[in-house]
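Chains X and D, in that order, give the protein sequences.
With the working numbering, letter number 155 in the first sequence gets 155, and the count goes up by one each step, no holes.
With the working numbering, letter number 252 in the second sequence gets 432, and the count goes up by one each step, no holes.
One should not assume that every hint holds.
[Unchecked claim] DEER-style ranges, computed between Cβ atoms:
#: 1; chain 1: D; residue 1: Glu267; chain 2: X; residue 2: Gly88; range: 39 to 45 Å
#: 2; chain 1: D; residue 1: Ala410; chain 2: X; residue 2: Gly30; range: 44 to 50 Å
#: 3; chain 1: D; residue 1: Lys387; chain 2: X; residue 2: Tyr39; range: 39 to 45 Å
#: 4; chain 1: X; residue 1: Ser66; chain 2: D; residue 2: Gln232; range: 40 to 46 Å
#: 5; chain 1: D; residue 1: Lys477; chain 2: X; residue 2: Tyr39; range: 39 to 45 Å
[Claimed, not checked] Incomplete in silico selection of chain D near chain X, CB under 8 Å:
#: 6; residue: Leu185
#: 7; residue: Gln354
#: 8; residue: Pro358
#: 9; residue: Val444
#: 10; residue: Arg446
#: 11; residue: Glu450
#: 12; residue: Asn454
#: 13; residue: Pro524
Bear in mind the hints are in silico, worked out from the structure with no lab data behind them.
Just so you know, even glycine gets a beta-carbon here, dropped at the ideal spot from N, CA and C.
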Amino acid sequence: MQHEVQFAGFGGQGIMLIGKILAHAAMQAGSDVIWIPSYGPEMRGGTAYCTVVTSDHPIGSPIIQSPEHLVAMNRPSLEKFVPRIKSGGVVLVNSSLITITSGRKDIDEFRVPVIELANKLGNAKVANIIALGAFTARSRVVSFDTLKDAVRQEFKDKEALIPINLKALDEGRRAAKSRP
Amino acid sequence: MGKILMKGNEAIGEAAIRAGCLNYFAYPITPQSEVAEYLSKRLAEVGGVFLQGESEVAVSYMLFGAAGCGERVFTTSSSPGISLMSEGISYIAAAECPAVFVNIMRGGPGLGGILPSQADYFQATKGGGHGDFKLLVMAPASVQEAVEMVMRAFPLAEKYRNPVMILGDGLIGQMMEPVEFPDHLKTAPTNKNDWATNGMATRNSKKRNLVKSLYLNPEELNTHNLKLKAKYEQMQREEVRYESFNLDGDYQVLVVSYGTMSRVCRTAIENLKNEGIEIGMIRPQTLFPFPGKAIFKGAQKKSCQAILCVEMSMGQMIEDVERSVVGIRPVQWFGKCGGEVPSPEEVMHAVVALVGLKVAA
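From just these sequences and the hints, can you work out the full model?
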C-alpha cells in the first residue's frame, strides 16, 4: 500500500520540516519512504514543496503525477496542486491565508486556520506543526503516537521546544476532528 | 532496522568516510553543495582534510597530488564543474592514480539548470577528458545504492589504479531515503609502495617512485597506452554490473534505463503488467563497462519487438545500446531534458506507442 503526501507553501513556512518529520515517522513504523524536495533559490518566499512517499514495498518512481493527499499552506500551492490530487484524498487548506476552496467535491477538503491557532498557543512558528497534526489525524497515514515520537526525535537537541510542538500536534488533531 | 533517513548528498559524503577516505577537495555547485557542507563538519570530527579549492581546476590537481602520494581521495561536483576537472582527470588516469569522483548531474549544456539530468553520459563513459583513457563509471538508482557504490569505488580505483566516477543526478542528491553503511564494504587502503610518492622512509627503500603522465618518446607513449587499454579490457571482463527486471515473461519491449529514470520505468512496467502488457527492463549499474552482452541477449527474445532507451538526455546511452544490439531490433529513445523527470504515465505511453498498443490511463 503506497501513500503519497504533497506538502506545499512558500519558503519559510517550514514545509520541508513537516515533510521530514512525517517521513521519519513512517520509517519508524517500518515503511519504505522517500522525501523529495523542490524549492527555488529564495530563502524566503517563492515556492517550497516536498513530497513524501511511503510504502510497504520498495518504492519505484519518486515522481508522483497525482499525489494521494495535499497539505496546502498558501493559495498558489492550493491552486497548483489540488487539480492533481487523487479522488478521495485528504486536502488540508490553511484557512489563515487561503480564502478560496478547492472547487472539488470528490476529496476530503478541510480547512484549519493554523496561523491563528499557533498565535493562540503563543508561538507563530508552530503553524506548520499544527498543520502536520491536523493532516495526520485526518488521513491516518501514520499513527499519531508514531508522529509524536518523530517530533520528539526531531527536537531532541532542543528539548525545550518539545512541549510546544507536541501541543501544536494536539491542537491540529483537535481541529481535524472538529471540522466537517 | 538500523537505517537512518539521509539526504543523498550527505549519505554520499558519509559513505566516503566509512570507506576510509579522509581527503576531500571540492568546490560548491548546485545540486551537490550539501556534500561539502556535510563533510566540512564530519571530516573535522574524524581528523580528515576538507579543502575547498579556488576552482574545480585546482581541485582536480589537489586530487592528483594527494592520490599520487598514496592517499585515498574524493571529490563531488556537478556537470559544469566536472567539465572543469576534465584535464586533471586525464592526467590522473594517465599517471595511473586512484581517485573517486561523483557527478551529481544537472541540466545542461552550459550553465543549464539546477534540476536533475542524465546528460553527462557521453562525458563520463567516453573518457571524461582528452586522450585514450576510460573511467570506471557506476550509476546508482537509490541513495542506498549510491552509498554502496561510493564504498566500492575506492578499492576499485586502487585495483585498477584508475579514476572511478559515480554518475548520480539531482534527485539522487536531494532526496532522503533510509540508508545503512554496510560493514562488509569497509576496505583498508592497499599498499602503494611500488608506485606512490609516499616517502622513501615510509617505503624503507632508496628506489625512487615517479608519478607522471609525460612520455615524449613515441614508443614509450604507445606502450603506455597499450598498458592503459589492457586495464579497460580487464574492466570489461570483470566489472560489468546490471539489474534485470521482468525478463522471464514474454516482454514486447525491452527498456534500457539507469539511475532515477530506471525507477520511473520500473513503476511504469509494474502498471503495464497490471493491464496485461509485459515489458522487460535492463538497468545498467556500470555504464563503463557497459552491459552490452546482457542487452544483446535481452533483445534476442522472440516476443521482443523493440528496445526503448529512456534517458534524461537527448539520447546518449542509446548509442551504446544500438552498438550492443547490432541492428537485430529497432532501438528508440524516449526522454526529457531541462530538469523535468518524466512520470511513469509518460513512460507508459511511450512504451506502448512503440508497439501500437493503447493504455487505460
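**Asked** What are the numbers of the hints that this structure violates, sorted from low to high?
**Response** Violated hints (numbers, rising): 1, 3 and 12; every other hint is consistent with the structure.
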